[in-house]
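K.L.:
Sequence:
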Amino acid sequence: MYVRALSGVNSLDEIQITGGRALEGSVIVQGSKNAALPMMAASLLHRGVSVLRGCPRITDVYCMEEILKKLGAVSRWEGKDLYLDCTRADGTEICGDSTGRMRSSVILLGAMLGRSGRGTVGYPGGCVIGKRPVDIHVFALRCLGVSVQEKENGITARRLRSTGGTVVFPKKSVGATEQAVLSSVLSDGETVLKNCAREPEIVWLCRYLRGMGACITGEGSSCIRIQGVGTLNGGDLRVPADRIVAGTYLCAAAATRGRIIIENPPEGELDAFLDLYRKIGGQYEGKSGKLIADGRNVRFPVTFLETEAYPGFPTDLQSPVMAVLATIPGESHIRENIFEDRFRLAGELNKMGAAVRVSGKDAWIRGTETLQGCPVTACELRGGAALVLAALAARGDTVIRGYSYIRRGYEHICSDLAGLGAVIREINRNSFI
Numbered sequence: 001m002y003v004r005a006l007s008g009v010n011s012l013d014e015i016q017i018t019g020g021r022a023l024e025g026s027v028i029v030q031g032s033k034n035a036a037l038p039m040m041a042a043s044l045l046h047r048g049v050s051v052l053r054g055c056p057r058i059t060d061v062y063c064m065e066e067i068l069k070k071l072g073a074v075s076r077w078e079g080k081d082l083y084l085d086c087t088r089a090d091g092t093e094i095c096g097d098s099t100g101r102m103r104s105s106v107i108l109l110g111a112m113l114g115r116s117g118r119g120t121v122g123y124p125g126g127c128v129i130g131k132r133p134v135d136i137h138v139f140a141l142r143c144l145g146v147s148v149q150e151k152e153n154g155i156t157a158r159r160l161r162s163t164g165g166t167v168v169f170p171k172k173s174v175g176a177t178e179q180a181v182l183s184s185v186l187s188d189g190e191t192v193l194k195n196c197a198r199e200p201e202i203v204w205l206c207r208y209l210r211g212m213g214a215c216i217t218g219e220g221s222s223c224i225r226i227q228g229v230g231t232l233n234g235g236d237l238r239v240p241a242d243r244i245v246a247g248t249y250l251c252a253a254a255a256t257r258g259r260i261i262i263e264n265p266p267e268g269e270l271d272a273f274l275d276l277y278r279k280i281g282g283q284y285e286g287k288s289g290k291l292i293a294d295g296r297n298v299r300f301p302v303t304f305l306e307t308e309a310y311p312g313f314p315t316d317l318q319s320p321v322m323a324v325l326a327t328i329p330g331e332s333h334i335r336e337n338i339f340e341d342r343f344r345l346a347g348e349l350n351k352m353g354a355a356v357r358v359s360g361k362d363a364w365i366r367g368t369e370t371l372q373g374c375p376v377t378a379c380e381l382r383g384g385a386a387l388v389l390a391a392l393a394a395r396g397d398t399v400i401r402g403y404s405y406i407r408r409g410y411e412h413i414c415s416d417l418a419g420l421g422a423v424i425r426e427i428n429r430n431s432f433i
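Heads up, the sequence shown is in our numbering, so the first residue is 1 and it goes up one at a time.
Errors might be hidden in some of the hints.
Beta-carbon label-pair distances, calculated as ranges [unchecked claim]:
no.: 1; residue 1: Glu331; residue 2: Gly72; range: 53 to 63 angstroms
no.: 2; residue 1: Lys69; residue 2: Gly396; range: 38 to 48 angstroms
no.: 3; residue 1: Lys287; residue 2: Asp135; range: 38 to 48 angstroms
no.: 4; residue 1: Val399; residue 2: Pro170; range: 38 to 48 angstroms
no.: 5; residue 1: Gly100; residue 2: Asn297; range: 37 to 47 angstroms
no.: 6; residue 1: Ile28; residue 2: Asp271; range: 17 to 27 angstroms
no.: 7; residue 1: Phe300; residue 2: Gly72; range: 50 to 60 angstroms
no.: 8; residue 1: Arg142; residue 2: Asp341; range: 27 to 37 angstroms
no.: 9; residue 1: Asn297; residue 2: Arg47; range: 53 to 63 angstroms
no.: 10; residue 1: Gly360; residue 2: Cys215; range: 36 to 46 angstroms
It should be emphasised that the hints constitute simulated quantities derived from the structure, not laboratory data.
All figures in this text were calculated on a predicted structure; none of them were measured in a lab.
We put the CB at the ideal spot given by N, CA and C, even for glycine.
Please construct the entire structure, taking both the sequences and the accompanying hints into account.
P.N.:
Right, here's the structure in full:
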């Protein structure tokens, strides 16, 4: 059952969940946040209209849309299709008030460099899960002939040459790889990017750009080659299903010992997660383009799990998995290698009856079959989603504060879960109910 309270002047910021029901049914997964945002940035490279079909209507997408409008773009929605007219999007400066709301805004620097040869962005923000520095972005741009100045209020860049170049990334970085791709597709000559991140979102960005006329090969591998072109056409691509949302819903089935069907699974993008799903007792099969997942026999703790760059286990699913492990008696061990502050969830799970102990990059989870609902607070996007999963499995009622964090990446998590049998409602304390 899903109830939305009548909205007042403030945005909904709490969720109330009555746990104890095994989820069952089918769900269609929204478009991918991490694919849509760089595709939106890439739309700046065409002086005309581009379309992102099935674009998720989430807070981060709205934030990126507003930034593009401040640069001069004109946007409109037709259902879930986002049209971006960048004919006059010639702005080259984005203030910190805009970029401070979202980490991925930094890749707009590469798009502005590709379009105008210069750009200034305030330092990026987003969830409080770690430092996420921009040093690799700056390194990559300098390798490509860009003069970069880091100032107190942001980063200013100007292209000194447009002849491509070679970047050997000192470590894999999704954002820096996207940054280098965006800044290179309209350069002269060839650009070679080595030790690239391999995440599916980079593959989708390159597909989108190639549909615009870019000459790119090697995406999905550690080496991407880009032959610069003079101009690009408008982009037009359907945003793929969000692999993290799909994984979150599979975790919801596991936490509640339910059975669900993902109608549009992101094929081939969840292999590391599904391997873990099977280890904890879950079963799954692909059939007729759908993913059927059975969590009724989930009962095995995890001896050791560590997050890694793709194709390893994704850091964005570490928190949802921790919530599942909190429902499994016995001790599990997780090591977080990507973001040093991803374990903020632990204290909230402990309020619900779990026993999570954190030391540096490691967390030990001693689960219980009797999580208890109580008031908890989301501090960031994926940790907030994980609290939803724990609440679904817990006895009694849970109120989760900080729903605004969850809305950054989940378009309709409450109605999706209600469709699977959850008792869940959004709350606005300033509403008349």
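K.L.:
Against each hint, give a clear statement of whether it holds in the structure.
P.N.:
Hint check results:
no.	hint	in the structure
1	Glu331 <-> Gly72: 53 to 63 angstroms	holds (55 angstroms)
2	Lys69 <-> Gly396: 38 to 48 angstroms	holds (44 angstroms)
3	Lys287 <-> Asp135: 38 to 48 angstroms	holds (46 angstroms)
4	Val399 <-> Pro170: 38 to 48 angstroms	holds (44 angstroms)
5	Gly100 <-> Asn297: 37 to 47 angstroms	holds (45 angstroms)
6	Ile28 <-> Asp271: 17 to 27 angstroms	holds (21 angstroms)
7	Phe300 <-> Gly72: 50 to 60 angstroms	holds (54 angstroms)
8	Arg142 <-> Asp341: 27 to 37 angstroms	holds (28 angstroms)
9	Asn297 <-> Arg47: 53 to 63 angstroms	holds (56 angstroms)
10	Gly360 <-> Cys215: 36 to 46 angstroms	holds (44 angstroms)
Hint violations for this structure: none, all hints satisfied.
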